[in-house]
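*Asks:* Next come the chains, spelled out residue by residue.
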Amino acid sequence: MNENTKFILEQVSGLHDIPQAGIYNIRENGKLLARNIDEEVNIISKKDKDGIDIVVKPNTKNKSIHIPVIVSMGGLNDLVYNDFYIGDNADILIVAGCGIHNTTDKQSSHNGIHSFHIGKNCKVKYVEKHFAFGNAKTSKILNPTTEIVVGEGSVFEMETLQLGGVSFADRKTYAKVKKDAKLLIRENILTSSKEEAITHFEVELEKEGSRVEVVSRAVAKDKSKQEFNSIVIGKAECFGHVECDGILADNAEIISTPKIIAKSPEANLVHEAAIGKISEEQQNKLMSLGLTKEEAEKVIIQGFLK
Amino acid sequence: MLEIKDVCYEVNDNGEKKVILDHISFSLEDDILAVITGQNGSGKSTLAKIIMGIIKPTSGKILYNGKDISKYDITKRAKLGFAFAFQQPVVFKGITVKQLLDLASGKENSVTEACHILSKVGLCARDYIEREVNNKLSGGELKRIELAMIIARDAKVNICDEPEAGIDLWSFDALVNLFKEKKGLDIIISHQNRIIDIADKIILLKAGKIEKIGAKEEVMPHIVNQRCERLKEGE
Ligand SMILES: Nc1ncnc2c1ncn2[C@@H]1O[C@H](COP(=O)(O)OP(=O)(O)OP(=O)(O)O)[C@@H](O)[C@H]1O
Ligand SMILES: [Mg+2]
Numbered sequence: 001m002n003e004n005t006k007f008i009l010e011q012v013s014g015l016h017d018i019p020q021a022g023i024y025n026i027r028e029n030g031k032l033l034a035r036n037i038d039e040e041v042n043i044i045s046k047k048d049k050d051g052i053d054i055v056v057k058p059n060t061k062n063k064s065i066h067i068p069v070i071v072s073m074g075g076l077n078d079l080v081y082n083d084f085y086i087g088d089n090a091d092i093l094i095v096a097g098c099g100i101h102n103t104t105d106k107q108s109s110h111n112g113i114h115s116f117h118i119g120k121n122c123k124v125k126y127v128e129k130h131f132a133f134g135n136a137k138t139s140k141i142l143n144p145t146t147e148i149v150v151g152e153g154s155v156f157e158m159e160t161l162q163l164g165g166v167s168f169a170d171r172k173t174y175a176k177v178k179k180d181a182k183l184l185i186r187e188n189i190l191t192s193s194k195e196e197a198i199t200h201f202e203v204e205l206e207k208e209g210s211r212v213e214v215v216s217r218a219v220a221k222d223k224s225k226q227e228f229n230s231i232v233i234g235k236a237e238c239f240g241h242v243e244c245d246g247i248l249a250d251n252a253e254i255i256s257t258p259k260i261i262a263k264s265p266e267a268n269l270v271h272e273a274a275i276g277k278i279s280e281e282q283q284n285k286l287m288s289l290g291l292t293k294e295e296a297e298k299v300i301i302q303g304f305l306k
Numbered sequence: 001m002l003e004i005k006d007v008c009y010e011v012n013d014n015g016e017k018k019v020i021l022d023h024i025s026f027s028l029e030d031d032i033l034a035v036i037t038g039q040n041g042s043g044k045s046t047l048a049k050i051i052m053g054i055i056k057p058t059s060g061k062i063l064y065n066g067k068d069i070s071k072y073d074i075t076k077r078a079k080l081g082f083a084f085a086f087q088q089p090v091v092f093k094g095i096t097v098k099q100l101l102d103l104a105s106g107k108e109n110s111v112t113e114a115c116h117i118l119s120k121v122g123l124c125a126r127d128y129i130e131r132e133v134n135n136k137l138s139g140g141e142l143k144r145i146e147l148a149m150i151i152a153r154d155a156k157v158n159i160c161d162e163p164e165a166g167i168d169l170w171s172f173d174a175l176v177n178l179f180k181e182k183k184g185l186d187i188i189i190s191h192q193n194r195i196i197d198i199a200d201k202i203i204l205l206k207a208g209k210i211e212k213i214g215a216k217e218e219v220m221p222h223i224v225n226q227r228c229e230r231l232k233e234g235e
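Chains as they are written, first to last, in our numbering: chain A, 1 to 306; chain B, 1 to 235.
By construction, these hints were calculated from the structure, which means they are not laboratory data.
Calculated pairs, EDC-like style, for lysine to aspartate or glutamate (alpha carbon to alpha carbon, straight line, at most 16 angstroms):
hint, chain 1, residue 1, chain 2, residue 2
1, A, 225, A, 253
2, B, 56, A, 280
3, B, 93, A, 243
4, B, 79, A, 295
5, A, 176, A, 152
6, A, 176, A, 213
Keep in mind that this is a model prediction, so the values were computed, not measured.
Chain A on its own, in the form it takes in the complex (with noise of 0.2 angstroms):
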């Protein structure tokens, strides 16, 4: 693994190197680098299109599963698919994520369409971290796209990051919540210069006691671009709760459009967005304890997107 593999990876998955243990599926320019697995966890390629599906038999516990893709080469648009079946009772940690590094003048994309069958009474985190570097003015492109159904009594968390570098990405998640099932998402997306990130998230609270908490925090800088869209419908006596936090700088934009949908009386939605600068009051206060302006947008933002 050549130095840039390797600092994506890291910045991805955490993973310093291919493990030498724990289970892992490694991609790296649309093809299998490292895979690993074990009498609990099965990954297997699929053969009618490029993806993998991976198997957690019931009562799996404490495992984590890192699924990192790495694009360190300009003109591939890699599309991949990723089914994920989790057995009733597995309490799992997922680790996706994709890197892209392109010197080139040639666009490069990853779009990773995943599917999420979780069983009951589950508990899910599902961390995807996304970030490119490289030549400034070519495109690096990424179009994550995740199907998710909770099932009975389960809890599935997923934290979405983006930091960095990522010029256009459209992300698109879609989720079905069960009976007493829990779906937690938090969203920190970074960007600037020219960038542009679309997040559509779609959750329908199906049965009674499901309930879904949607936390967006949102940095845009310069002329960059951000857009923010949820609908949450609730059909049953569920719960629902999205909020939508944005900090702008410069020319930058926010677009925040949350949607509520209540078909049950008993449902109890409720959404919060704010947009706004970096509060002048919190600038201050830290500048009181001695820090400089600039240090303190620091501190502010890094808080923020935690």
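Got chain A; can you put chain B with the ligands on it based on the hints?
*Replies:* Below, chain B with the ligands alone, put in the same frame as chain A:
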């Protein structure tokens, strides 16, 4: 020595000129405890913010140890040794109590050190160190954390805007002791007799002007007068 020289502050209130501070001058020696008091809206917080550099006065000068610091921004005043506790503590997102204490002391505090500071403001440290400084904390808790930052700063000039507000009576003695012990110049905005009691110098404001300045014996009758007038107005 901190000198406030002929400070005025005016704002444009819907096209009309509104005078908030009207030719304020006084000086404060190092190592004293000064209290600024006066009715709601008399200009206390505005004056405190002008001293810290948070608000720029319309005219007038501020001198510290003979040096004109009127043009210094907040950061520069902080580095010179000024600390400030807000009347309404500022809340953040994703920033913990420990982080703020570290920034205030300019170094990474050990857990023991951070606990020590928090215990001085009556907070059980282990419950608070990793908590975010956001609106989930109660008003009194936020005020205490604000004070904890003053302790952590260990500054030469401490400006505290109504530090006792929202703090329960049980902790009041501890708060009074805190200021008694503190080195440096303390400028405390307060309405409380028990804080006025320990002041070396009292500045009584009325509608943006200094009504009276001096030791407790000289100023107290004016404070009592003001309070009586207010009572009569209420009748
Ligand atoms: N930017 C502004 N525009 C208009 N009026 C202002 C502005 N800033 C302050 N004021 C007014 O100036 C007066 C003094 O405000 P200040 O906050 O200094 O009062 P205070 O003495 O601290 O009162 P309190 O005891 O209630 O804290 C108030 O009447 C306030 O409404
Ligand atoms: Mg005030």
